[in-house]
Amino acid sequence: SQTIHQWPATLVQPVGSPLSLECTVEGTSNPNLYWYRQAAGRGLQLLFYSVGIGQISSEVPQNLSASRPQDRQFILSSKKLLLSDSGFYLCAWSGLAGSRYFGPGTRLTVL
Amino acid sequence: AQSVSQHNHHVILSEAASLELGCNYSYGGTVNLFWYVQYPGQHLQLLLKYFSGDPLVKGIKGFEAEFIKSKFSFNLRKPSVQWSDTAEYFCAVNSFRGSGYNKLIFGAGTRLAVHP
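Taken in sequence, the protein lines are chains A and B.
With the numbering used here, letter number 28 in the first sequence gets 203, and the count goes up by one each step, no holes.
With the numbering used here, letter number 29 in the second sequence gets 731, and the count goes up by one each step, no holes.
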C-alpha cells in the first residue's frame with residue numbers, strides 16, 4: 176500500500192532563515208505530487224504540483240519554491256522565511272480521478 | 703474562477719442528532735466530488751467520493767453525500783452523529799484540465815463538535 180511521509184513534524188524557525196521540508200512517497204511510481212498549506216478557516220491552498228522529476232508548477236506567487244529531485248521525493252524550500260510563511264504544510268499524491276492522499280503535515284512557526 | 707463554498711464554518715451537535723453539511727461549487731464542466739475529514743491530531747483522509755453513476759454516495763463511518771447537479775451541490779449527511787465524529791470536514795471538487803494534472807479545489811472547511 177502507498178504511504179506518504181513528511182518531516183519534520185514541527186518546526187520553529189526565525190524570520191530570514193532558510194527552510195527545507197521533505198516529502199517522500201512509498202508504494203507507487205511516478206505519482207503526481209502536491210504541496211498544500213492549510214490555514215484555519217481557509218481550507219487548503221495548493222502551492223505547488225509536480226507531474227514528474229524536475230517538473231514543478233506553482234499555483235500562487237510566494238516566497239517558497241519546490242523541487243522534485245527523485246520520482247518519489249518532493250521538497251518545499253525557502254531561502255528566507257517570512258512571518259506569513261507560518262502554517263501547516265501538507266504533501267499529497269493523487270490517485271484515482273484526482274483523489275488526494277495526504278501526509279501527516281508539518282507545522283511551521285516563523286518567529 | 704472555480705470555487706467551493708461550505709456554508710457552515712462551525713457546527714455544534716449533540717450525540718444522535720442528524721448532520722447535514724452544505725457544499726456548493728461553481729464549475730460547469732465535468733467534476734469529481736470529494737469529502738475529506740481531519741480528526742484531531744490525525745491525517746486528512748478521504749471520507750467519500752463521487753465520480754459518476756448513483757448520485758447518492760455512501761462513505762465510511764455511516765456518512766453519505768448526495769450530488770445534485772442542478773444545484774451544484776454535494777451535501778454531506780449522517781443520520782445520527784457520535785462524539786467520535788468531532789472533526790473538520792472539507793468538501794473538494796476536481797475539475798479536469800487535461801493530461802497529467804487535475805486541479806482539486808477545497809472548501810474552507812467545517813468544524814464539527816459533537817457533545818455527548
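Simulated from the structure, these hints should not be mistaken for laboratory data.
Note that this is a predicted model, so its numbers are computed, not measured.
You may find that some hints are simply not true.
To be verified - Quick partial rundown of chain B residues pointing at chain A, CB under 10 Å, derived from the structure:
1. Phe736
2. Tyr738
3. Tyr741
4. Gln747
5. Leu758
6. Ile762
7. Arg779
8. Ala794
9. Lys805
10. Leu806
11. Ile807
12. Ala810
To be verified - In silico lysine to any residue, SDA-like type, Cα no more than 20 Å apart, as pairs:
13. Lys254(A) with Gly191(A)
14. Lys751(B) with Gly270(A)
15. Lys805(B) with Leu221(A)
16. Lys780(B) with Lys805(B)
17. Lys805(B) with Ser232(A)
18. Lys751(B) with Asn207(A)
19. Lys805(B) with Lys254(A)
20. Lys805(B) with Gly191(A)
21. Lys805(B) with Gly227(A)
22. Lys771(B) with Tyr727(B)
Unchecked claim - Here are some chain A residues pointing at chain B (derived, C-beta under 10 Å):
23. Trp182
24. Ala215
25. Ser269
26. Gly278
Note that CB positions come from ideal geometry on N, CA and C, so glycine has one too.
Original post:
Broken hints, numbered, in rising order?
Top reply: Of the numbered hints given earlier, those the structure breaks are 3, 5, 6, 7, 16, 19, 20 and 23, listed in rising order.
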